[in-house]
Amino acid sequence: MPKTIRELANELKVSKQTIQYHYQRLPTKNRQKDRQGTNMVSLTAERIIRDKVAKPLVAKNQQTGSKKETKTSEENNELIATLRREVADLKSQRDKQLATKDRQIDHLTKLVDQQQQLQLAMVSENCQLKEHVQKLGGLIDPSSSIKDWQENDKDDTLSNNINTSKVKDKSTEQGKNKVVEFSKGQEKTYKSKANKSWWHFW
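In terms of numbering that gives the first Met the number 0, the sequence shown opens at residue 0 and continues consecutively.
Any given hint could be a false lead.
Said to hold, decoys possible - The calculated lysine-lysine pairs, modelled on DSS-like cross-linking and capped at a C-alpha distance of 27 Å, are:
no., residue 1, residue 2
1, Lys-51, Lys-90
2, Lys-15, Lys-28
3, Lys-129, Lys-109
4, Lys-100, Lys-70
5, Lys-28, Lys-12
6, Lys-12, Lys-90
7, Lys-51, Lys-2
8, Lys-15, Lys-2
9, Lys-70, Lys-15
10, Lys-12, Lys-2
11, Lys-100, Lys-90
The hints are simulated quantities; they were obtained by calculation from the structure and are not laboratory data.
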């Protein structure tokens, strides 16, 4: 069934002028008019016009699609670049954190090593002190030294007692001697007086 130019334009979603342009370039045998003189598009003319209009539409759609694809591709590229930058930043932060942790681990390891060395040094020093004490204990017997000290103390006490008794004996003996000497002197004096008194009578 023939269509008007407006109806075909509405179907193809193009302007009436586009259909009119292609219609004027059709062969004369393909152009028809109704009783009122209105241009009518036959089925053959419709196919020809559709082919001519459809090619630019396809090309336009392809261009639009390619533009969309290009735009999408550009957006994707920007997104990819942004993601790559974020990944690089995260890697950098991770590397810094790992480096910091490595330094902390090294510091803690050094501290542990120093502590172990100090403990070993203290253990060695304690062993040396024990050996030294044992050697000193072997040279000096505590029980014998106490006994020797007690015996020396006793000897000192006895010698002091003996010396004191000797001093007392000497002083007693000296006192006795003085008494004897005094008594002898008194006796001589008495005898000399008696002798004098006896001669006095004669």
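Query - Hint numbers not upheld by this structure, sorted from lowest to highest - result: Numbers 1, 3, 4, 6, 9, in rising order.
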